[in-house]
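Participant: Each chain is listed here by its residues.
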Amino acid sequence: MRLPVFAYEVPQNIDEALSLLSRYGSDCRILAGGTDLLVRMKQRLAAPTQLISLKALPELTRIQESEGVLHIGAAARLSDILEYKPIQERWPGLFEAVKSVGAPSIQHFAGTIGGNLCQDNRCQFYNQSSSFRKARQPCNKAGGKTCYAWEGGSDKCYSICASDAAPVLIAMGAEAVIRSAKGERIIPLEELYSSVGERPLTLTDDEMLTEIRVAGPAPGAGNAFEKLAYRSAIDYAVVSAGVAVQTDGKQILKARLVIGAVARAPLAIPAAEAILKDRPAGDEEALYEAGRAAMNTAQPFIANNMSPPVDYRTRMVSVMAKRAIKKALSRTGLMEAL
Amino acid sequence: MPDYAFIGKNMPRIDSRAKVTGEAKFTADLKLPRMLVGKILRSPHPHARILNIDASEALRIPGVKCVVTGKDTRGTKWGVFGYTQDQEFLTRDKVRYVGDEVAGVAATTEDIALEALDRIRVEYEVLDAVFDPMEAILPGAPQLHEGFENNINIHVPINQGDVEKGFDESYYVREDTFTAAEDSYFQGEPYAVAARFDLDDNLEIWMPNAGPHMKAKPLSNALGIALNKVRVRKITIGGAFGGRSEICPGDYICALLARKTGRPVKIVYTREENSIATRQGHALITTLKTGVDRDGRVIARDVTCYMDGGGYSSTGPIATTVPFLCMEQAYRMDHVRYNGYRIYTNKPPRGMIRIHGRAFACGVDVQLDMIGEHLGIDPVDMRLRNARQAGDYTNTGSHVASCAMQETIVKAAEKAGWKEKWGKLPPLHGIGIGCNSVQTGFPMGIRGGSQAIIKMNEDGGATLISGVVDNGQGNDNMLVQIAAEELGIRPEDIQLISADSEVTPSDPGAYSQVSTFIGGHAVKNAAANVRNLLFETASNMLEADPSDLVARDRMVYVSGSPAAGIPLKKVIRKTLARGKAVSGEGDYWPKVDPKREWIKNPYGQVCGAFSFGTTIAEVEVDPETGQVRVLEVTVAQDVGFALNPLVLEGQFQGSIAMGGQGGVLTEAHTWDGGFALNPTQLEYKVPLACDMPKINTIIVESNDPEGPYGAKESGMSIAMSAAQAYAAAISNAIGVHMTDLPITPDKILKALEEKAERESGVGAPD
Amino acid sequence: MNRLPLELTVNGEPISLAVEPNRTLLEVLRDDLELTGAKEGCGEGVCGSCTVLMDGKAVRSCLTLALEASGSEIITVEGLSEGGALDPLQESFIEHGAVQCGFCTSGMLMSAKGLLLKDPHPTKDAILRTLGGHVCRCTGYTKIIEAVEATVDGSAEER
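Residue numbers (the working numbering), protein chains in the order written: chain G, 8 to 345; chain C, 2 to 767; chain W, 1237 to 1395.
Hints may be right or wrong, so weigh each one.
What the hints assert, rightly or not - Computed from the model, here is a short list of chain C residues facing chain W with C-beta under 8 angstroms:
#1 Tyr-125
#2 His-156
#3 Asn-160
#4 Gly-189
#5 Thr-271
#6 Gln-654
#7 Ile-657
#8 Glu-758
Claimed, not checked - Some residues of chain W that are not near chain C, with every Cβ distance over 10 angstroms (derived):
#9 Ser-1308
#10 Glu-1314
#11 Gly-1319
As the list claims (entries may be wrong) - One side only, chain W facing chain G, incomplete, derived with CB under 10 angstroms:
#12 Asn-1238
#13 Pro-1257
#14 Arg-1259
#15 Glu-1276
#16 Gly-1281
#17 Asp-1291
#18 Leu-1299
#19 Thr-1300
#20 Ser-1306
#21 Gly-1307
#22 Ser-1317
#23 Leu-1351
#24 His-1370
These are computed hints drawn from the structure, not numbers from a lab. Beta carbons are placed, not taken as given, at the ideal position from N, Cα and C, and that holds for glycine.
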């Protein structure tokens, strides 16, 4: 499959990259690993006239922990994240999420954390070849006025955010560092997502994600990620769940649950968080209630945008949520020991 | 077992070295001087009339050398049989599925060719389309082809014995319906074709194929040139699985572009094109009515099968019959009736596939379990009681000379620990068994036999010429292994020339499981003829009777006295000196009933031998997600005789992956009308290494009296018995007999839920 | 379209080309350098048949811009054997019957090589995860897994 024509530049420092971004604006895309962008370009879902390579910017690939906060450069390779011991030990939820992306020969070199977080939304009617799409009216996301994933059509785009890393990072309260030639802003990671299927990120055309920051778990805290897929590799999630909990060793003080692959953006479940608060850590019933709350919150968003049936995916929200919470809670003792 | 030098031994394949070094060339790897890039414009509509095609704008693009449409063709229609000729390689009147070939382009670069496709203006009159075979047969449904009323492409009627009487005599009768969605080949290599013509209008063409001669004839017909001008060349092939047995429209389009431009042209399909515009597996709806006696022996069976055939006939009559044949071979019954209907729909045409008729085959076995449950009979006993046995005749009149079905059942059950596990496993943990049989070939008329030619050189080496093609299963190695054994030389002494329609004699191809049984047999006969020639000379030299001579290790000697032998090359030179050429030929034709015809007369000997086998799978189901983990799979297969156990095991394991792990758990096309929503490997879930279970392989040898060294088909039917075993194991784990394939997690959860409702009485009918 | 200079080492040979930015590493290897051992099975990074080593790491060459590989050292399946001697992995694939149609073989070999370069004693799980990034339709993977395992020193228990 051929790529469309584009120009290519390799900026030698971040400022140069940012100035290119502000010069080319929406005609331009940042090329990190390419596993999402290049596929979409081959399918003619994206046709930037300018690509900016991050190849010469090692500062964007740094992974380091300082003063209890984990800093991950946006262009850090997924394989490097997996090999960074502190992540395996203290942010196991992130480790699990990253490990579940694609397959090792994608991760080694290509996949980056920024690429995973900034990947475009997906839908089985949108992520198709140009010949498939040319045979029908364009959908909302392709610049048209309908949605094939929603029975009877819709003026909204029912694509999903398929990022595996986003749910657990958001649950852990991660922040996104965003830079442009004009300056820098730091936002909670959830604010990176617009909940608009056609344009799922809140980044302006001249901005780029440069770093993810996430605080380390305090004593009594735990985090976890669960993903349901039909194969153990090379598969997007049918449903995923990221969880971070804070306990005092006995009771849940605070919990955050974020569901992935069901809505236009990673879906936070405040109702589940309310249910879990102040419940004993071993309260199985609380997990079921939280799972059901997640399912009820997610249900209106779940559309026919991937092959597993809508009903099944809806039910799996509850299962993945429950399992992720349980796993996170099981890790709270572990965290104390560290 | 005779003391063979190579036969029956683990022999690493002769083609492996080229494949592990990257030397092996597949069609897409070919680069010819001045070669153009070809692309195909395909229909965006499932059903439409072509009103006009305007290629003028495309032809104005610099670098576009040629555009061909239906107007450039002779209008020859393709069909495997005279009565199934319904497909034009470039359609002139109508398109019948999304992907149907409308035009071909040749250009200097791929980008230019793609741009040209965009600039061809096709005016369509969109017609009503039909996608469901049960709707397509209703009066008033859109008609795809003239002369095929109610879109019934093929009807195979078989009626042996008196089924109604059989049901009357039965102790227990039940009827169940089994369904399966379309599966797909997903060969490693996407389809590709390269072609060139010389000034004398001779065509040279390369493409993945399962029989070069099967490609050559339709090309000769469509291009209007003599058969000896069509030269299908040998090339490495990246898998077939039944999907590359026929001519592909792309072959013709590529040849036409090459002829018109006077330059070589290569067309490489995208993965999506390989999925939607070559062939797919049939979707099936099968109703089985089975009557048994008190002991579970089948007395009568009535089968009605509706197959979604897509837009064209393809191998229609064969495809509509083979699932039935597999069933009637595997199990005994007194009376049987079959009505197989292949229905046209506006979907991609369907062909033969390794796990052909999965809903049919699985249905037979799952229903045996249902019957066994009712009668209180263990599934293993159900199979042992109904299993085919050597010496039997099938209901449609084929003699089964060799059969070790019962032995495969017993051995598989023993290895899998059936007795310890059946009925004793913890909840959601299940074990299941499936049996199957496949025919080693089927009647192919004038293309039914194979011939091989061997010539020896004075240095003791040989050149072997055979029409057999290797799709990846190891046929090249098999041919060389047999020739080396018979000639008493080493595999490295043999040069193989094969799968070339110009220089090799005709051969049935590799799509009916006969490469060894027929093609290998021909090589064995040819080698024996050459050896006899040499023994004639050697008998003088050794002063011994030719029948006492042995050829082995590049020597000829009197049996029992290898030390007193003479080098084979010396015998060759001596023979040449005697004024005799040291070459020979041999052929083999299967003993089938020439009067047997798929529809008009589906009775008589269908092929030379049948293989049989058993697969047992053990699974664990996650009751919350419905996901299945396969713990262990055991295969016991009657292969007649194992020529090369190493290669056989690989076939067994591949069959488990395709038929069981993929075929039952994940694989099916999903649709939006006529559009396949999952034409790529990302969305069509072929199994991966990390999900494969432990596989135990047991080779059972029944030594077929007709097969070369006793060998017969080996491996394909495992895909079917694996499907049955997986389906049965899941059914056993969840306590619900699953009747719709693939058995995806959502279906499992639904079945568990309905069962819980039934058991608690909630929602039960009054 | 502007061509840009591309300097890289392929199988030990320095290569100097000028390429359009939209060309993938796979296209350059196959079309310009006539190294057709890496295959295009899907073109979208799924099947793994195009896998090559880039500075010792297995990458999908169909989703790698040629220019992104600039300055790096590429090993393709053609470079796996040195001076006619096969790599132990290649030998093992042959001996174990891990090759059927052969279309996925070069990708499998290169991923396995990448794994062994990083860790000469990988666990079975690591082998499965690595091979899990490749689609094979013929073998059912068993013999491929066995072939890779056989090249790892030491018994399975020790690993």
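Participant: Could you run down the list of hints and mark each one as holding or not?
Facilitator: Hints, verified against the model:
This hint is violated: Tyr-125 (chain C) has a C-beta 28 angstroms from the nearest C-beta of chain W, more than the 8 angstroms allowed. A cut of 8 angstroms between beta carbons decides the hint on His-156 (chain C): the least distance to chain W is about 33 angstroms, and the hint is violated. Taking 8 angstroms as the C-beta cut-off, the interface hint given for Asn-160 (chain C) is violated, the closest approach to chain W being about 38 angstroms. Contact between Gly-189 (chain C) and chain W, as hinted, is supported at the beta carbon level, the nearest pair being about 3 angstroms apart and thus within 8 angstroms.
The beta carbon of Thr-271 (chain C) is positioned within 8 angstroms of a beta carbon in chain W (closest approach about 7 angstroms), and the interface hint is therefore held. For Gln-654 (chain C), the interface hint holds, since its Cβ comes within 8 angstroms of a Cβ in chain W; the closest pair sits about 3 angstroms apart. For Ile-657 (chain C), the interface hint holds, the least distance from its beta-carbon to any beta-carbon of chain W being 5 angstroms, beneath 8 angstroms. At about 38 angstroms, the closest approach between the beta carbon of Glu-758 (chain C) and any beta carbon in chain W exceeds 8 angstroms, and the interface hint on this residue is violated.
Residue placement check: Ser-1308 (chain W) keeps its beta carbon more than 10 angstroms from all beta carbons of chain C (closest about 20 angstroms). With a least beta-carbon separation of about 5 angstroms from chain C, Glu-1314 (chain W) fails to lie farther than 10 angstroms from that chain, contradicting its non-interface assignment. The beta carbon of Gly-1319 (chain W) sits about 13 angstroms from the closest Cβ of chain C, which is more than 10 angstroms, so the claim that it is off the interface holds. Because the beta carbon of Asn-1238 (chain W) sits about 7 angstroms from the nearest beta carbon in chain G, less than 10 angstroms, this interface hint is met.
Nearest Cβ of chain G to the Cβ of Pro-1257 (chain W): about 4 angstroms, under the 10 angstroms cut. The hint holds. Proximity of Arg-1259 (chain W) to chain G holds as hinted, the smallest CB-CB distance being about 8 angstroms (cut-off 10 angstroms). The restraint placing Glu-1276 (chain W) at the interface with chain G holds, with a minimum CB-CB distance near 8 angstroms, inside the 10 angstroms limit. Residue-level restraint check for Gly-1281 (chain W) holds (minimum Cβ-Cβ distance to chain G is 6 angstroms; threshold 10 angstroms).
For Asp-1291 (chain W), the interface hint holds, since its Cβ comes within 10 angstroms of a Cβ in chain G; the closest pair sits about 8 angstroms apart. With its C-beta approaching chain G no nearer than about 5 angstroms, Leu-1299 (chain W) sits inside the 10 angstroms limit, and its interface hint holds. Hint on Thr-1300 (chain W) holds. Least Cβ distance to chain G is approximately 7 angstroms, under the 10 angstroms limit. Proximity of Ser-1306 (chain W) to chain G holds as hinted, the smallest CB-CB distance being about 8 angstroms (cut-off 10 angstroms).
Taking 10 angstroms as the C-beta contact cut-off toward chain G, the hint placing Gly-1307 (chain W) at the interface holds, the least distance being around 9 angstroms. The beta carbon of Ser-1317 (chain W) is not positioned within 10 angstroms of any beta carbon in chain G (closest approach about 21 angstroms), and the interface hint is therefore violated. Because the smallest distance between the Cβ of Leu-1351 (chain W) and any Cβ of chain G comes to about 8 angstroms, under 10 angstroms, the interface hint for this residue holds. Given the 10 angstroms rule on beta carbons, the hint for His-1370 (chain W) holds: about 8 angstroms separates it from the nearest Cβ of chain G.
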